[in-house]
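Asks: Model the full assembly from the supplied sequences, consistent with the hints where possible.
Sequence order for the protein chains is G and F.
Residues 231 to 467, numbered by this note's numbering, are exactly what the first sequence covers, in order.
Residues 37 to 189, numbered by this note's numbering, are exactly what the second sequence covers, in order.
For the record, the hints were derived by calculation from the structure and aren't laboratory data.
The calculated label-pair distances, taken between Cβ atoms and stated as ranges, are:
(1) G/Leu243 to F/Lys44: 35 to 43 Å
(2) F/Arg80 to G/Glu333: 43 to 51 Å
(3) G/Val262 to F/Glu144: 21 to 29 Å
(4) F/Phe66 to G/Glu333: 55 to 63 Å
(5) F/Thr188 to G/Leu237: 39 to 47 Å
(6) F/Val82 to G/Ile234: 32 to 40 Å
(7) F/Lys44 to G/Phe241: 39 to 47 Å
(8) F/Asp121 to G/Glu333: 52 to 60 Å
(9) F/Ser54 to G/Ile240: 18 to 26 Å
Over the 12 Å line for every Cβ pair with chain G, so calculated as not near, a few chain F residues:
(10) Gly48
(11) Arg110
(12) Asp131
(13) Trp132
(14) Glu134
(15) Leu138
For each residue, glycine too, the CB sits at the ideal point set by N, CA and C.
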Amino acid sequence: MADIAFLLLIFWLVTTTIDSDEGVKRQLPPPVPPDMEQQEVKDGDVYNVRTNFRDELLVEKEVLSIGELKDGAKDFLIATGTGLLHPERPNVTLGDDNMKYPERQWVRKVDLMALEQSYIAAGQPKAAERVREKLTAIELFGSDYKELPGSALISLQTDRSTSYDLYLQVQNELEAAVNELRDELSLAKFNESYASLEERYGRTKEQSLLDKIVAIRLVYPQRISEAEPRDASQGYY
Amino acid sequence: MGKFKKKKRETGAISTASLPDIVFMLLFFFMVATVLRTEEEMVRVVRPEASEIYKIEKKHLIRYINIGPPQDKRYGTEPVIQLNDQFADVAQIRDWVENERLTLAEAEQTKMWVSMKVDQDTKMGVVTDVKQELRKASALKVLYSASSRERTN
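Replies: Spelled out as structure tokens, the structure:
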């Protein structure tokens, strides 16, 4: 009897493959309407990452290896200091092109209070809600902070002949950069890693946890934009 | 002073009568715990590794797109797209998304995930085309299937 049961068990173990549904999560941008106008962005506000057919990386006009990408992206995201953990940094220059990082702007409690009142008076509850999120963040951090300008983003352009592996590694490193910064801030301010905050919020749906998550996301937003695919004939090398 | 002789008590062999029960229990445990692969893989996929892994809890919301060289060499070695149980063309993806969406309950149709299982040596051209089609079909939640590894320093 035991032999038969063992046989069955081993047969089952050998024949089943456990499907693991895990991977890197991404939200694709909605399709671009044909009449959308090009937005002007300041040169320093975009962190350009390009990959070519030889699986090489061109980051801000410099050739980097995949291992260096994360630190580069972190520098870009910290930019001129967050006002919380990273002390004010002067505009850093990099390479010969004098690449400047985006200027982080102070978010101050006094300004926000006035702004909130003006939005409420103007009958814009959604805008007022967004201001209130920032006020909550300031309360949780215990001080004013500096935010990235709205136009700051990481732009990723992939050649059609890049390997999928490299593409995923780039996506992964960029996400790792944001996650590490978030963890660092979260540990310093809330004594808990950002990943653990998210995991606990997923289980309990506690508002206080969500407030902390939103606060950290306000300081380090995840802005990875993938460029619209272009033909190499348009010459983007 | 060896006056005291150690008494050796005879112990019988452990009964194995309950062994089948235990093994059956193990068997049933594995049967319940494993999720059977619902579709046959017709393309060869070696998943890349990544450290920032997200795991989808609600498996019934996931639909799969496999991209890789065909298992059967007669179909060539160039990467192909597999939807459900057959090879497909990029142009078919929009219809496929619509159909798959209808298989979900109405309230969950917007929550559909598309899991892209792409072989790591595939060129991005195919993948980009598929992504563009997914955007047009408004299937915007995408998971790039990967196996987990440690974060690099």
